[in-house]
Amino acid sequence: MEPQKQLRENRSFIKYFLLNLITFDIYEAVMISNMSKEINLIAKDGKRTFNYLYLFLMGISGVLILLLGALPILKYEDLDLTQMSKEELKPIISGGFIMLFGCLILVVLSVIVLIWFYRFTKRISEELKRRSIDYGFNEDTYWIWIIGSCVVSIIFSIACTVFGIDNILSDLIPGIPAVLCYIYSYKLIKAMNLLNKDYNQKAE
Numbered sequence: 004m005e006p007q008k009q010l011r012e013n014r015s016f017i018k019y020f021l022l023n024l025i026t027f028d029i030y031e032a033v034m035i036s037n038m039s040k041e042i043n044l045i046a047k048d049g050k051r052t053f054n055y056l057y058l059f060l061m062g063i064s065g066v067l068i069l070l071l072g073a074l075p076i077l078k079y080e081d082l083d084l085t086q087m088s089k090e091e092l093k094p095i096i097s098g099g100f101i102m103l104f105g106c107l108i109l110v111v112l113s114v115i116v117l118i119w120f121y122r123f124t125k126r127i128s129e130e131l132k133r134r135s136i137d138y139g140f141n142e143d144t145y146w147i148w149i150i151g152s153c154v155v156s157i158i159f160s161i162a163c164t165v166f167g168i169d170n171i172l173s174d175l176i177p178g179i180p181a182v183l184c185y186i187y188s189y190k191l192i193k194a195m196n197l198l199n200k201d202y203n204q205k206a207e
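With our numbering, you'll find the sequence shown wraps up at 207, consecutive numbering, no jumps.
Hints were generated in silico from the structure; no laboratory data involved. Treat the hints with caution; some may be incorrect.
[As the list claims (entries may be wrong)] Below, a list of computed lysine-lysine pairs in the DSS-like style, where the Cα atoms sit at most 30 angstroms apart: (1) Lys47 to Lys8; (2) Lys18 to Lys8; (3) Lys89 to Lys8; (4) Lys50 to Lys132; (5) Lys8 to Lys132; (6) Lys50 to Lys40; (7) Lys190 to Lys40; (8) Lys200 to Lys132; (9) Lys205 to Lys132; (10) Lys205 to Lys40; (11) Lys200 to Lys8; (12) Lys89 to Lys78; (13) Lys200 to Lys78; (14) Lys18 to Lys132; (15) Lys132 to Lys190; (16) Lys125 to Lys190; (17) Lys205 to Lys125; (18) Lys50 to Lys190; (19) Lys18 to Lys205; (20) Lys40 to Lys125; (21) Lys78 to Lys205; (22) Lys193 to Lys18; (23) Lys8 to Lys50; (24) Lys193 to Lys125; (25) Lys125 to Lys50; (26) Lys40 to Lys132; (27) Lys193 to Lys50.
Starting from the given sequences, assemble the full structure and let the hints guide the process.
What follows is the structure, given as C-alpha cells:
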C-alpha cells in the first residue's frame, strides 16, 4: 500500500547552498518549513512540530519594524540632539522606541528559533532510531554545529574588538566558524532524505 503522498527523498545540499545564497535565506525557510510538515507526517510520537515558515515571517516582521523606527533618524545626515527642538525630537524618540521594540522581537525570536531547532533535531533523531536507520544525526549534531559555531563566532568577534582588528579581517574572522553551521544543514538534509525514503518504501 502506497502512502497518500510520496515525500521528497533527493534534496541536494549543493542546490540548497546555492539557492539559499541567491534568495537570501528564503529557500532555506521554505525547505525547513516543508521538512517540519514531513516530520509531522512521518513520526508517530503524538507530537507536532510548529511550521518553521511562521517563525521566519515573524523575523521579517521584526526587521521591518526595526527599519520603520530607523526612518526618522536616517533623514538626518548629522544628528545633533542638543540642537533640536522638542517637535523635531518627538519622531526621533518615537523611532527609537520602535527600534527597541523591533530589537526585542528579534532577540526573543532568536531564542525561540534555537529552541525550535533543538526540538526539531531531537525529533528527527528519535525517528531515525525508531525506524532503525543508522545515521549520526542527533542532539550532539545540534550542539556542535549550531550552538558551538555561534559561540566560537562570538568569541572571535570579541577578540577582534579587544585586539583592535578593524579592517576586512574583523568581518571575515567571526564568519569562519559561522560557516560550520552548513555542516548541520548537510546532515539535516541527508537525515530527512533517509527518513522520507524509508517512509515511501514502507508506506507508513
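These are the hints, each one checked on the structure:
| no. | hint | in the structure |
| --- | --- | --- |
| 1 | Lys47 to Lys8 | holds (16 angstroms) |
| 2 | Lys18 to Lys8 | holds (23 angstroms) |
| 3 | Lys89 to Lys8 | violated (63 angstroms) |
| 4 | Lys50 to Lys132 | holds (16 angstroms) |
| 5 | Lys8 to Lys132 | holds (23 angstroms) |
| 6 | Lys50 to Lys40 | holds (12 angstroms) |
| 7 | Lys190 to Lys40 | holds (18 angstroms) |
| 8 | Lys200 to Lys132 | holds (15 angstroms) |
| 9 | Lys205 to Lys132 | holds (16 angstroms) |
| 10 | Lys205 to Lys40 | holds (18 angstroms) |
| 11 | Lys200 to Lys8 | holds (12 angstroms) |
| 12 | Lys89 to Lys78 | holds (17 angstroms) |
| 13 | Lys200 to Lys78 | violated (55 angstroms) |
| 14 | Lys18 to Lys132 | holds (28 angstroms) |
| 15 | Lys132 to Lys190 | holds (15 angstroms) |
| 16 | Lys125 to Lys190 | holds (13 angstroms) |
| 17 | Lys205 to Lys125 | holds (22 angstroms) |
| 18 | Lys50 to Lys190 | holds (22 angstroms) |
| 19 | Lys18 to Lys205 | holds (27 angstroms) |
| 20 | Lys40 to Lys125 | holds (15 angstroms) |
| 21 | Lys78 to Lys205 | violated (61 angstroms) |
| 22 | Lys193 to Lys18 | holds (13 angstroms) |
| 23 | Lys8 to Lys50 | holds (20 angstroms) |
| 24 | Lys193 to Lys125 | holds (15 angstroms) |
| 25 | Lys125 to Lys50 | holds (12 angstroms) |
| 26 | Lys40 to Lys132 | holds (19 angstroms) |
| 27 | Lys193 to Lys50 | holds (22 angstroms) |
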